[in-house]
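S.K.: Two chains, two frames, some hints: make the complex.
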Amino acid sequence: GAVVSQHPSWVICKSGTSVKIECRSLDFQATTMFWYRQFPKQSLMLMATSNEGSKATYEQGVEKDKFLINHASLTLSTLTVTSAHPEDSSFYICSASGTLSQGYQPQHFGDGTRLSIL
Amino acid sequence: AQRVTQPEKLLSVFKGAPVELKCNYSYSGSPELFWYVQYSRQRLQLLLRHISRESIKGFTADLNKGETSFHLKKPFAQEEDSAMYYCALKLGGGSNYKLTFGKGTLLTVNP
Numbered sequence: 080g081a082v083v084s085q086h087p088s089w090v091i092c093k094s095g096t097s098v099k100i101e102c103r104s105l106d107f108q109a110t111t112m113f114w115y116r117q118f119p120k121q122s123l124m125l126m127a128t129s130n131e132g133s134k135a136t137y138e139q140g141v142e143k144d145k146f147l148i149n150h151a152s153l154t155l156s157t158l159t160v161t162s163a164h165p166e167d168s169s170f171y172i173c174s175a176s177g178t179l180s181q182g183y184q185p186q187h188f189g190d191g192t193r194l195s196i197l
Numbered sequence: 085a086q087r088v089t090q091p092e093k094l095l096s097v098f099k100g101a102p103v104e105l106k107c108n109y110s111y112s113g114s115p116e117l118f119w120y121v122q123y124s125r126q127r128l129q130l131l132l133r134h135i136s137r138e139s140i141k142g143f144t145a146d147l148n149k150g151e152t153s154f155h156l157k158k159p160f161a162q163e164e165d166s167a168m169y170y171c172a173l174k175l176g177g178g179s180n181y182k183l184t185f186g187k188g189t190l191l192t193v194n195p
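As you go down the protein sequences, you meet chains A and B in turn.
As numbered in the working numbering, residues 80 to 197 make up the first sequence, in order.
As numbered in the working numbering, residues 85 to 195 make up the second sequence, in order.
This is chain B alone, in the form it adopts within the complex (with noise of 0.2 Å):
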C-alpha cells in the first residue's frame, strides 16, 4: 500500500545552518511526490514538486529511488521557513489524483 512517512515530529534548527526534512515513501508504481508548506496561520500551499526539480525559496528536493526518499534540504534556513511541512504522493493522473500526505514536520529555525 502507498504510504509517506515523515519519521520527525519536530525539527529545530539555528539560522544560517542547513536543514533537511526527511521523507520516505512506499509506492509500488512510478511516484511523483510533492512538499507542501504551512506557515503559521495559514493555508496549506504547495512548495515544489520533484518533476519540476526546481528550487523554491531556497528549498530543494531529490527524489532518490533507491532508498525510496524525497528529503527537503535548504542550505541556510531562514527565521521565516518556520512552519509546518508536508511530503505527498500522488496517486493517478488527470483532475483525479489523490494526495496521500506524511503526518508533516514542524520546522523552527531559531534566531
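Looking at chain A on its own, in the form it has when it is part of the complex (with noise of 0.2 Å):
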C-alpha cells in the first residue's frame, strides 16, 4: 500500500510553455501533499505543502505565481510550471501523506518528474 505516482517521470519543452506535474495517491486518502525540488547533488527543498481543498502554504523564496499547487482531490494534487525557463529545469517530487494509519503519517513519495526547459 501507499503507492504515489507522479506523472510524467521527465518532460523537456520549450522556454516560456507552460507544464503541469501530477502527483496521485493509488491507494489511500493523501490529506496532505507535499511539492520538493532538487537540484543536481543536493538535497530536497519543500516548496509547498498543499491540503486538499485548501490554497497551498509555500516556503519563503517560492513563487506562488511561477509555481501553481492545486489539490482539487484526496488523490490528485498538480504542480504547474507555468512560463518555464532554464533556470526552472530541476527534478521536482511530490510525496503525500494521508489517514493510513493513526498516529504519525509518513510521506510517501512519488518518482519525482525531471523537467528540462530548453
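Errors might be hidden in some of the hints.
Stated by the list, open to error - Capping the alpha-carbon separation at 20 Å, the derived lysine to aspartate or glutamate pairs in DMTMM-like fashion look like this:
no., chain 1, residue 1, chain 2, residue 2
1, B, Lys182, B, Glu116
2, A, Lys99, A, Glu142
3, B, Lys187, B, Glu92
4, B, Lys93, B, Glu138
5, B, Lys187, B, Glu104
6, B, Lys187, A, Asp190
7, A, Lys145, A, Asp106
8, B, Lys182, A, Glu142
9, B, Lys174, A, Glu138
10, A, Lys143, A, Asp106
11, B, Lys106, B, Glu151
12, B, Lys182, A, Glu138
13, B, Lys182, A, Glu166
14, B, Lys141, B, Glu164
15, B, Lys187, B, Glu138
16, A, Lys134, A, Glu101
17, B, Lys187, A, Glu138
18, B, Lys93, B, Glu164
19, B, Lys187, B, Asp165
20, A, Lys143, A, Glu166
21, A, Lys120, B, Glu92
Said to hold, decoys possible - Sample of chain B residues with no beta-carbon within 10 Å of chain A, all distances over it, derived:
no., residue
22, Ser124
23, Leu147
24, Lys149
As the list claims (entries may be wrong) - Computed Cβ-Cβ distance ranges for the label pairs, DEER-style:
no., chain 1, residue 1, chain 2, residue 2, range
25, B, Gln126, A, Leu147, 24 to 30 Å
26, A, Glu138, B, Asn148, 25 to 31 Å
27, B, Phe98, A, Leu197, 41 to 47 Å
28, B, Glu92, A, Ser162, 17 to 23 Å
29, B, Phe160, A, Ser97, 49 to 55 Å
30, A, Leu105, B, Ile135, 24 to 30 Å
31, A, Asn149, B, Lys187, 15 to 21 Å
32, A, Leu105, B, Tyr123, 15 to 21 Å
Derived from the structure by calculation, the hints contain no laboratory data.
None of the values given here were measured: they were computed from a predicted structure.
Cβ atoms here follow ideal geometry from the backbone N, Cα and C, with glycine treated the same way.
M.R.: Laid out in C-alpha cells, this is it:
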C-alpha cells in the first residue's frame, strides 16, 4: 500500500511554455501533499505544502505565481510551472501523507519528474 | 534555524564491514528525526524514525541530543545496502509537518 504516482517522469519543453506535473495517491487518501525540488547533488528542498481543498502554503522564496499548486481532491495534486525558463530545470518530487494509520502519518514519495527547459 | 548536516557525500565500505552514516542537526525544539533511503532507480522511502527505536534491515539510529546527532549504523553491511541515504528533521505536527533533509550520503558496499 501507500503508492504515490507522479507523472510525467521526464519532460522536455521550450522556454516560455507551462508544464503540469501530476501527483496521485493510488491507494490512500492524501490529506496533505508536498512538493519538493532537487538540484543535482543537492538535497530535497520543500517548495510548498497543500491540503485538499485549500490553498497551498509556499516556502519562503518560492514564487506562488510561477509554481501553481492545486490539490482539488484527496488523491490528486498538480504542480504547474508557468512560463518555464531554463533556470526552472530541476527534479521535482511530490509526497503525500494521509489516513493510512493512526498517529504519525509518514510521507510517501513519488518517483519524481525531471524537467528540462530548453 | 533548523538544519540537517550529512558531512559525507560518499561512503564506501566492503561487505561485512560496519557502516556508520553521520547526521547532525540544528534545532531549538525537541527534534524528531528520520532516515530515508533511495535505492537505485527507486523512490525515496522511509527507513526508520528515532521515536520508534526500531531496527530496520539491520540498521539502527540513536538520537544523541548532547551531540545533536542521529547517526545511522549497521554492524555488517550488505551489498544490497548500497543506496542514497538522507537524514531528515521533522518540523511541526499533525499532517502539515515539514521535513528538512540533509544533502544525502551515497553508500556503496563493495563485494
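S.K.: Would you mind marking each hint as holding or not holding in the structure?
M.R.: Hint check:
1. B:Lys182 - B:Glu116: Status holds; Cα separation ~11 Å.
2. A:Lys99 - A:Glu142: Measuring from Cα to Cα gives roughly 16 Å; hence the hint holds.
3. B:Lys187 - B:Glu92: holds (9 Å)
4. B:Lys93 - B:Glu138: violated (25 Å)
5. B:Lys187 - B:Glu104: holds (16 Å)
6. B:Lys187 - A:Asp190: The hint holds at about 18 Å.
7. A:Lys145 - A:Asp106: violated (30 Å)
8. B:Lys182 - A:Glu142: holds (18 Å)
9. B:Lys174 - A:Glu138: Since the Cα atoms of B:Lys174 and A:Glu138 sit roughly 15 Å apart, the hinted pair holds (cutoff 20 Å).
10. A:Lys143 - A:Asp106: Roughly 29 Å separates the two Cα atoms, so the pair is violated.
11. B:Lys106 - B:Glu151: holds (12 Å)
12. B:Lys182 - A:Glu138: holds (10 Å)
13. B:Lys182 - A:Glu166: Violated: B:Lys182 and A:Glu166 sit about 25 Å apart, past 20 Å.
14. B:Lys141 - B:Glu164: holds (10 Å)
15. B:Lys187 - B:Glu138: violated (24 Å)
16. A:Lys134 - A:Glu101: Measuring from Cα to Cα gives roughly 17 Å; hence the hint holds.
17. B:Lys187 - A:Glu138: With a Cα-Cα distance of about 18 Å, the restraint between B:Lys187 and A:Glu138 holds, given a limit of 20 Å.
18. B:Lys93 - B:Glu164: holds (19 Å)
19. B:Lys187 - B:Asp165: holds (18 Å)
20. A:Lys143 - A:Glu166: holds (16 Å)
21. A:Lys120 - B:Glu92: Judged against 20 Å, a Cα distance of about 12 Å means the pair holds.
22. Ser124: holds (13 Å)
23. Leu147: Non-interface label on B:Leu147 holds, nearest chain A Cβ at 16 Å vs cutoff 10 Å.
24. Lys149: holds (20 Å)
25. B:Gln126 - A:Leu147: 24 to 30 Å: The hinted range 24 to 30 Å holds for B:Gln126 and A:Leu147, with Cβ atoms some 29 Å apart.
26. A:Glu138 - B:Asn148: 25 to 31 Å: holds (29 Å)
27. B:Phe98 - A:Leu197: 41 to 47 Å: Since B:Phe98 and A:Leu197 have Cβ atoms about 43 Å apart, the given range 41 to 47 Å holds.
28. B:Glu92 - A:Ser162: 17 to 23 Å: violated (39 Å)
29. B:Phe160 - A:Ser97: 49 to 55 Å: With a Cβ separation near 50 Å, B:Phe160 and A:Ser97 satisfy 49 to 55 Å, so the hint holds.
30. A:Leu105 - B:Ile135: 24 to 30 Å: Hint holds: Cβ distance 27 Å, inside 24 to 30 Å.
31. A:Asn149 - B:Lys187: 15 to 21 Å: Between A:Asn149 and B:Lys187, where Cβ atoms are some 30 Å apart, the hint is violated.
32. A:Leu105 - B:Tyr123: 15 to 21 Å: holds (20 Å)
Checked against the numbered hints listed earlier, the structure breaks hints 4, 7, 10, 13, 15, 28 and 31; every other hint is satisfied.
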